[in-house]
Amino acid sequence: MFDGKNVIVTGGSSGIGFAIAKKFAEENASVVVIARNAEKLDAAVKKIKDETKGRVCGYLCDISDYKDIENISHNIVTDIGTPEILVNNAGGFTNKTQWEEITEEMWDMSIKTNLLSVFHCTKIFTQYMRENSIKGSVVNIGSSSALQIKSDKMQYTITKSGVHTMTKILALDLAKYGIRVNAVAPGPTLTERVRSRFDVQGLLQQEQERMDKIPLKRYALPEEIAEAVLFLASDKASFITGVVLPVDGGYTIG
16 MFDGKNVIVT GGSSGIGFAI AKKFAEENAS VVVIARNAEK LDAAVKKIKD
66 ETKGRVCGYL CDISDYKDIE NISHNIVTDI GTPEILVNNA GGFTNKTQWE
116 EITEEMWDMS IKTNLLSVFH CTKIFTQYMR ENSIKGSVVN IGSSSALQIK
166 SDKMQYTITK SGVHTMTKIL ALDLAKYGIR VNAVAPGPTL TERVRSRFDV
216 QGLLQQEQER MDKIPLKRYA LPEEIAEAVL FLASDKASFI TGVVLPVDGG
266 YTIG
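To convert, count from 1 in the sequence shown and add 15; that's my numbering.
Source of the hints: derived by calculation from the structure; they are not laboratory data.
Any given hint could be a false lead.
Each computed EDC-like pair below joins lysine to aspartate or glutamate, with the alpha-carbon atoms no more than 16 Å apart [to be verified]: (1) K168 <-> E115; (2) K138 <-> E85; (3) K251 <-> D18.
Label pairs and their computed distance ranges (CB to CB) [what the hints assert, rightly or not]: (4) I95 <-> K62: 15 to 23 Å; (5) G19 <-> E115: 50 to 58 Å; (6) N86 <-> G19: 21 to 29 Å; (7) T112 <-> T180: 16 to 24 Å.
Everything numeric in this text was worked out from a predicted model, so none of it was measured.
By construction, the Cβ of each residue, glycine as well, lies at the ideal position given by its N, Cα and C atoms.
Construct all of the structure, not just a fragment, from the sequences and the given hints.
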């Protein structure tokens with residue numbers, strides 16, 4: 016399905032991003048993993064190569080920094096060619112914080128990492144698509160938090176809501192070039208970070224309470240989120256654009 020396609024996955028060194036990058040590699044795509052931690056990036060690229068025998072390379076980049084993205088984009092295009100699929104996965108989750116306690120630095124981090132990174136990466140990499148007449152696909156990773164109103168993580172919810180809205184605006188603006196833009200909104204997902212919480216008694220209870228609110232009574236696997244991303248990026252979704260697809264086991268309808 017993706018044989019020979021050039022795919023970029025931001026934040027692909029762990030969690031959902033890693034699962035997405037690995038799944039594309041399994042489908043014979045040429046995968047670029049972007050991350051900001053060199054050790055984790057190298058380990059992720061090696062693991063994907065070892066397990067898939069796929070074509071995978073890693074680029075170190077702070078996606079909250081426009082200049083950093085711009086600089087590595089030239090290297091990526093020179094090394095592998097024009098990207099055909101962009102997955103804007105990188106983002107920063109925040110712990111529960113009452114709104115009065117949110118600092119300017121916390122706002123700045125959320126806006127740059129969750130929202131502006133999507134804008135900058137899409138702006139830069141779809142320019143290459145347009146210049147080469149590639150009818151590409153962009154898939155953004157939003158959040159079920161943006162589909163529910165909760166009072167304890169305002170900055171995260173607002174920036175992820177922005178990703179959902181940006182997805183629809185970009186879909187309108189890029190449609191004339193044949194570039195589709197969609198988003199996946201994951202619900203609670205069993206990433207490494209979440210798994211570690213099950214080892215702490217107090218946090219285990221919190222996670223169990225949250226799981227009980229999911230109609231399907233379990234967390235998503237990162238691979239299940241990846242499957243939704245690959246569907247939206249594929250030709251099977253060739254007439255789908257501007258969609259925000261919840262993958263949450265019914266969490267946001269409960």
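Hint check results:
no.: 1; hint: K168 <-> E115; result: 11 Å, holds
no.: 2; hint: K138 <-> E85; result: 10 Å, holds
no.: 3; hint: K251 <-> D18; result: 15 Å, holds
no.: 4; hint: I95 <-> K62: 15 to 23 Å; result: 20 Å, holds
no.: 5; hint: G19 <-> E115: 50 to 58 Å; result: 52 Å, holds
no.: 6; hint: N86 <-> G19: 21 to 29 Å; result: 26 Å, holds
no.: 7; hint: T112 <-> T180: 16 to 24 Å; result: 23 Å, holds
Comparing the model with each numbered hint stated earlier shows that all of them hold.
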